[in-house]
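Put together the whole structure using the sequences plus the hints.
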Amino acid sequence: MSLVMKVFKSFFNLLVVLLLVITIIFLIARLFPGDIITVLYGETASIDGARNVVGSRLGLDKPLHIQLLMFLKNVFTGNWGISIFSGEPVILRVFKSFVNSLALALLATVTTTVFSIILAYIAFTGKCWRLATALASISSAMPTAIWGLLLMALLVALRVKMPLGPIVMPLATLTLAGAGTFYAILKGLVDNAMSEQFVDLYNALGFPRHRIFIRVLRYVAPAYIVALIYRMGLIIAGAIATEALFQYPGMGMLLLDAFSSRDYPVLIGWGVMVSATLAALNLVGDVLQSFLDPRLRDLHWVRHW
Amino acid sequence: MGKALVGFSIAVVLVEVALAILADLVAPYPYNAIDLRNRLQTPSISHLLGTDHLGRDVFSRLLHAIRVTLIISVSSVVLALVTGVILGILAAAIGGVIDYALSRVFEALYALPSLFIATSMLLILGSNPISLVIVIALSLSPLFYRFSRSIALETLVKPYIEASKVLGASVSWIISRHVLREVMASLAPATVHILSYAISMEATFSVVGLSLDPSIPSLGNMLREYKDYILNPATMWLPMMPVAAIAVTIFSLNIIAFELGRILRAEQT
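Residue numbers (our numbering), protein chains in the order written: chain A, 23 to 327; chain B, 31 to 299.
Since the hints were made in silico from the structure, they are not lab data.
Each hint should be verified, as a subset may be incorrect.
Said to hold, decoys possible - Examples of chain A residues toward chain B, derived with CB under 8 Å:
no.: 1; residue: V43
no.: 2; residue: L53
no.: 3; residue: P55
no.: 4; residue: M164
no.: 5; residue: I262
no.: 6; residue: A266
no.: 7; residue: L278
no.: 8; residue: G293
no.: 9; residue: L300
no.: 10; residue: A301
Yeah, the Cβ is synthetic: ideal placement off N, Cα and C, and Gly gets one too.
Below, the structure is given as structure tokens:
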């Protein structure tokens with residue numbers, strides 16, 4: 023298959039997954055406690071006539087599949103409703119938080135990559151690999167929430183003022199908590215790659231260590247990038263503890279606010295936005311991987327069910 | 031990996047399990063006994079780990095919290111393990127439409143943001159321990175499903191299974207005797223690792239206020255209750271208690287998982 027066909031095909035797959043996921047979100051949302059008319063319009067709509075009018079305006083008198091189609095149409099035309107809590111259009115609220123989370127995710131991916139590559143290089147040169155491994159196992163021993171708390175404690179102990187700009191503390195937390203795992207992934211990949219024949223060749227040619235390391239990095243890049251993109255998705259899908267600790271206005275805080283104020287339209291919009299992002303990131307990962315690894319361009323697209 | 035470290039990790043987990051079982055006997059005070067005259071006491075002989083902002087004994091509270099967290103995380107991992115493994119092996123053994131349908135369902139579950147599932151389930155089922163167990167199990171089960179399905183598929187084409195078939199073994203015999211064994215053997219390290227993941231999920235959900243009733247002591251709830259005391263150097267030790275408990279537990283479980291995987295790999299080769 024040509025590359026264009028492949029991208030087209032995986033785009034189609036993405037659309038199918040997305041439709042399925044949005045349908046599930048619609049069905050789950052119907053199970054939310056409370057009656058939607060009361061939620062939207064308050065107790066004033068308790069007169070039967072008024073309820074019927076409101077109900078038919080929302081399409082609640084139509085059969086389920088028609089309601090689903092209306093919901094899908096609204097999702098794709100950007101008509102995501104009005105936030106019950108703030109009165110803003112849902113799509114705006116979700117988009118604002120999304121931009122904040124995206125910035126955090128991109129920056130955290132960069133810093134985590136830099137740290138894990140430095141640690142992996144230390145381990146690679148073989149001098150103080152015990153130190154690198156120890157640092158990494160400490161980093162991955164604790165959940166992100168705890169790293170956030172410890173960072174706070176450190177700042178208090180050092181008497182540094184807390185607000186270093188809103189993004190710095192969440193970023194530092196995510197970097198500290200992620201560097202260990204990504205070092206472990208990278209080290210595993212590098213160790214595997216070291217037994218490849220091309221490394222022996224470079225050794226025989228007398229390449230310096232750091233140049234071999236760069237070659238090996240290039241070799242393991244496709245697999246590593248998939249892992250990175252997966253984590254980026256996790257951060258966008260709500261680095262909920264980090265955001266809550268430092269009051270960072272990203273997707274995690276939005277979800278918590280929507281949950282505690284029972285703001286169902288925002289909750290649904292959150293689900294749609296995050297599922298779309300995850301599906302898109304999945305696609306980006308697939309395309310990037312087959313772009314970076316020429317051997318996969320022809321094989322990878324055969325899906326193993 | 032040093033032997034001492036592995037021994038230490040196993041000891042930590044065993045002690046925690048023992049303390050969780052014997053919490054009522056070991057704890058010097060009831061976990062919710064409020065004593066406002068002795069608030070925020072630093073650790074001493076009468077209060078081993080001090081008292082919190084309501085004068086409750088932190089040590090007693092920590093014991094009960096370890097019990098609650100262990101019950102929640104172990105039962106959610108068991109629930110996810112049982113459903114994931116059974117359905118995974120079934121999908122691999124039957125194949126066809128059932129395999130396709132199950133795989134799509136678990137794929138959708140995996141593609142759906144787990145926090146959306148979590149908040150929805152908590153809205154629908156209410157914030158109680160059982161819905162928290164279901165929430166954690168739901169987000170863990172796709173891992174077990176995919177893993178056991180792929181191992182079962184690998185096992186089913188091995189020569190000894192063919193031999194077993196030729197000798198007249200029934201399908202249920204092959205599955206329970208051979209496939210289940212291979213799946214469990216390769217899943218064991220991952221399960222221990224996922225248990226530590228479940229503990230950190232409980233902590234994360236509780237610390238942001240998404241889960242349990244605050245009156246139930248769990249490690250995550252203790253974190254949430256005490257986290258603001260971290261801002262004052264004089265009371266900083268208070269939130270450090272649940273922090274240390276969570277960190278040591280997760281660290282030990284990860285070491286055990288690593289060691290278990292190493293032993294199993296060494297036996298295979």
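Consistency of the hints with the structure:
1. V43: For V43 (chain A), the interface hint holds, since the closest Cβ of chain B sits about 6 Å away, which is under 8 Å.
2. L53: Because about 5 Å separates L53 (chain A) from the closest Cβ in chain B, which is inside the 8 Å limit, the hint holds.
3. P55: 6 Å, holds
4. M164: Interface hint status for M164 (chain A): holds (5 Å vs cutoff 8 Å).
5. I262: Given a least distance of 5 Å, the restraint on I262 (chain A) holds.
6. A266: Holds. Min distance 4 Å.
7. L278: 6 Å, holds
8. G293: 4 Å, holds
9. L300: Where the cut-off is 8 Å and the nearest Cβ of chain B is about 6 Å from L300 (chain A), the hint holds.
10. A301: 6 Å, holds
In this structure, every one of the numbered hints holds.
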